[in-house]
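Peer 1: Letter by letter, the first sequence follows residues 2 to 575 in the working numbering.
In case anyone wonders, no lab produced these hints; they're calculated from the structure.
Backbone N, C-alpha and C define an ideal beta-carbon position, used for all residues, glycine too.
Be careful, since some hints might not be right.
Unchecked claim - Restricting the straight-line Cα-Cα distance to at most 20 Å, the calculated cross-link-like pairs of lysine to aspartate or glutamate (EDC-like) are:
id: 1; residue 1: 496; residue 2: 437
id: 2; residue 1: 553; residue 2: 571
id: 3; residue 1: 323; residue 2: 350
id: 4; residue 1: 553; residue 2: 466
id: 5; residue 1: 323; residue 2: 309
id: 6; residue 1: 411; residue 2: 237
Said to hold, decoys possible - Distance ranges between label pairs, derived from CB positions:
id: 7; residue 1: 273; residue 2: 186; range: 54 to 62 Å
id: 8; residue 1: 69; residue 2: 387; range: 34 to 42 Å
id: 9; residue 1: 255; residue 2: 147; range: 41 to 49 Å
id: 10; residue 1: 256; residue 2: 230; range: 38 to 46 Å
id: 11; residue 1: 553; residue 2: 293; range: 51 to 59 Å
id: 12; residue 1: 502; residue 2: 91; range: 28 to 36 Å
id: 13; residue 1: 331; residue 2: 255; range: 22 to 30 Å
id: 14; residue 1: 147; residue 2: 441; range: 28 to 36 Å
id: 15; residue 1: 169; residue 2: 268; range: 36 to 44 Å
id: 16; residue 1: 170; residue 2: 3; range: 55 to 63 Å
id: 17; residue 1: 97; residue 2: 149; range: 55 to 63 Å
id: 18; residue 1: 468; residue 2: 231; range: 31 to 39 Å
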Amino acid sequence: MKLSKLFLFTTKEFPKDAEIISDKYLRKSNLLVKSHSGFFYYSPLLTRSLHKIRAIIDKEMERAGAQEVLMPILMKKELWEESGRWDNYINAKIMFHLRNRKDVEMCLGPTHEEAFTDFVRRFITSYKQLPIILYQQNTKFRDEIRPRFGLMRTSEFIMKDAYSFDYNQAGLDAAYQTMRAAYKRIFDTIGLHYIIVQADSGAIGGSGSEEFMVTADSGEDTILYCDDCDYAANVEKAESLLDTVIYEETGTAIQKLHTPDIKSVEELVEFTKIPNNQMIKTIIFKMIYEDREKFVAVLMRGDLEINEIKLQNLYDCLEVKKASEEEVVTLTKAQVGFAGPFNLNPEIELIGDHSIKSVKYFLCGLNTTDYHYINVCFGRDIAMPKTYELKLAREHDLCPRCGKQRLKQKMGIEVGHIFKLGTKYSEKMNALILDEAGNKVPMKMGCYGIGTSRIISAAIEQHHDDKGIIWPIAIAPYHITIIPTIDKPGVIIDKAEEIYNKLNDNGFEVLFDDRGVSFGFKMKDAELIGIPYIVVFGKKTVDGLCELTIRKTNQTIEMGIDKLQDFLRDSLNK
RNA sequence: CGGGGUAUAGCGUAGUCCGGCUAUCGCGCCUGCUUUGGGAGCAGGAGGUCGCAGGUUCAAAUCCUGCUACCCCGACCA
2 MKLSKLFLFT
12 TKEFPKDAEI
22 ISDKYLRKSN
32 LLVKSHSGFF
42 YYSPLLTRSL
52 HKIRAIIDKE
62 MERAGAQEVL
72 MPILMKKELW
82 EESGRWDNYI
92 NAKIMFHLRN
102 RKDVEMCLGP
112 THEEAFTDFV
122 RRFITSYKQL
132 PIILYQQNTK
142 FRDEIRPRFG
152 LMRTSEFIMK
162 DAYSFDYNQA
172 GLDAAYQTMR
182 AAYKRIFDTI
192 GLHYIIVQAD
202 SGAIGGSGSE
212 EFMVTADSGE
222 DTILYCDDCD
232 YAANVEKAES
242 LLDTVIYEET
252 GTAIQKLHTP
262 DIKSVEELVE
272 FTKIPNNQMI
282 KTIIFKMIYE
292 DREKFVAVLM
302 RGDLEINEIK
312 LQNLYDCLEV
322 KKASEEEVVT
332 LTKAQVGFAG
342 PFNLNPEIEL
352 IGDHSIKSVK
362 YFLCGLNTTD
372 YHYINVCFGR
382 DIAMPKTYEL
392 KLAREHDLCP
402 RCGKQRLKQK
412 MGIEVGHIFK
422 LGTKYSEKMN
432 ALILDEAGNK
442 VPMKMGCYGI
452 GTSRIISAAI
462 EQHHDDKGII
472 WPIAIAPYHI
482 TIIPTIDKPG
492 VIIDKAEEIY
502 NKLNDNGFEV
512 LFDDRGVSFG
522 FKMKDAELIG
532 IPYIVVFGKK
542 TVDGLCELTI
552 RKTNQTIEMG
562 IDKLQDFLRD
572 SLNK
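Throw the hints in and build the complete structure from the sequences for me.
Peer 2: See the structure below:
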């Protein structure tokens, strides 16, 4: 491709509203152009990179035995009501939906479990027809509350989603492992550094799930991991062990303490000099179900935070919200900051985190404004409520698997997520088969997603320098760009074009910068758009020499023009 | 959804507080000449419903009211 013909319009200035480096470079180069909030135009170069990512995924899906299909983007409400997710997604306000002229309500697919399950159940009736894995790479829509970070979080994006169907757990486990291995090959081929972490399965549902996280400071997800034993988890899911705290057996009796307008744990520590791990805070939550609401008070050791996702999973509700100030006042008859396990409104269920079990002689609220109890003991002063794992794991906590090493923290970009769905959809949608014994059983499903378009951002977050993008070879839009230093008719331009034609004819992916702009301009562009090999034809062309710069290392090699093709072939085949 | 902010040429902006001449500057664009090893120089030129609608005024980019879009923080979210 000649650059004089290429639809490429780089700028000198960074876009004003870009926050992360991938978005800055993508939009400075206009490889990516914002249409409106959450929606983008992809330029020709970026589209080439996208196709390369798609092709790598296709190849590995084929190898893993998955078959490509296409599902409708617009789906009927009825299909989503079968799985029970219509209300879920509408309630969460993350789904675009509309009506056609006949007033049939439809949604723009945010994910396709329902469609694939419907497709498969029409034809699969026997265990003998299984296993099956189907996938598509299609446009998805999510009405993001706040699209941001360029291609990282958009309302319209391209995703690869695969679905496996089996008749027993062993089959599902095997499909899951097959896809997991395929994912590793995909991200290795593209050239991304990633961590596989345990994850919460969120609105998709199901049992086990793991996420593939591209590590980058700009990532939106927090990962906790152990260097010793391979434990790694999304903070949403992560567990941890706490250091043992020794509480002195003072035998001191429970006592009511006047704490005027002192509400937060920090203020109480300041006021009472009692350490925060000897306090128990009470947070009131509102669990929202389809048809009802329920209030729950959670007791948590004062130095720890509550993981609301764990809470939501425990109660299996649509949404968990902190109770509003008005609700707290109405329910506890006290100002916010004085809730506690004592004198609690019986409408509120009381539970605790495991961390409260060992705390003795602690401070807590009693639902009376401006007062707290001190020296409270479970068993002596009040019964211990049921406890669950509800705390937010932190960096420096002990690893829950090996118990020895401290957890470390990194930020990650979620580029892949694999789930064992089990029978969540097949049961509700009546996707049944006959097993060996002649019983009708729901199919065991798995689902496996890759953020095809998000990989572009993730790759640039990991591969760039102060000049621009450094595309990994596997997804570079072109591999080589040839730059003549002078555009006037003469030896330089003739030779450069001759080599360009030769490389092109021999199957190389090569650009030729034949624009009538200065040398510096061409170099800046080549670096910004991240072409792996830059070949300059200058004064020494008459001596049969050219210069090759390797974008990644910034290393420049002078070589005979006759040696160039072999050198490039060797380099690209590595 | 709450808080904060922005909207002037393709892009980035000055002017807005304190209303007043032909709306500023840079990049980009067009023509010509000179240039070409790190985003070229000179000369000339085109390009604007000042986000939209209404109001106040002799006079509105500027003041008032309403609306819309976009951005940031939070909440929220595969």
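Peer 1: If a hint holds in the structure, say so; if it doesn't, say that too.
Peer 2: Going down the list of hints, with the structure as the test:
1. Between residue 496 and residue 437 the alpha-carbon distance is near 71 Å, which puts this suggested pair outside the 20 Å criterion.
2. Proposed proximity of residue 553 and residue 571 is supported: the alpha carbons are some 16 Å apart, at most 20 Å.
3. The suggested pairing of residue 323 with residue 350 holds, with an alpha-carbon distance near 14 Å, which does not exceed 20 Å.
4. Under the criterion of a C-alpha separation no larger than 20 Å, the hint pairing residue 553 with residue 466 is consistent with the structure, at around 9 Å.
5. Using a Cα cut-off of 20 Å, the hinted pair residue 323 and residue 309 holds, with the two alpha carbons roughly 9 Å apart.
6. Between residue 411 and residue 237, the direct Cα distance comes to roughly 13 Å. Compliance with the 20 Å bound is thereby established for this hinted pair.
7. One distance hint, 54 to 62 Å for the beta-carbon pair residue 273 and residue 186, holds here, with the actual separation near 57 Å.
8. Between residue 69 and residue 387 the CB atoms are about 48 Å apart, so this pair departs from the stated range of 34 to 42 Å.
9. Our hint of 41 to 49 Å for residue 255 and residue 147 holds, since their Cβ atoms are close to 47 Å apart.
10. Range check, residue 256 to residue 230: Cβ separation about 45 Å, and the 38 to 46 Å hint holds.
11. Range check, residue 553 to residue 293: Cβ separation about 58 Å, and the 51 to 59 Å hint holds.
12. Evaluation of the 28 to 36 Å hint for residue 502 and residue 91 yields a failure: the beta carbon distance comes to about 57 Å.
13. Distance hint check: the CB atoms of residue 331 and residue 255 are about 27 Å apart, consistent with the given range 22 to 30 Å.
14. The supplied range of 28 to 36 Å is broken by residue 147 and residue 441, whose beta-carbon atoms lie about 45 Å from each other.
15. Checked against the given bound of 36 to 44 Å, the beta carbons of residue 169 and residue 268, roughly 56 Å apart, lie outside it.
16. Between residue 170 and residue 3 the Cβ separation comes to about 57 Å, which falls inside the hinted range of 55 to 63 Å.
17. Look at residue 97 against residue 149: about 18 Å separates their beta carbons, and that is not inside 55 to 63 Å.
18. Hint check: residue 468 to residue 231, Cβ distance near 37 Å, so the stated range 31 to 39 Å holds.
Checked against the numbered hints given earlier, this structure breaks hints 1, 8, 12, 14, 15 and 17; the rest are met.
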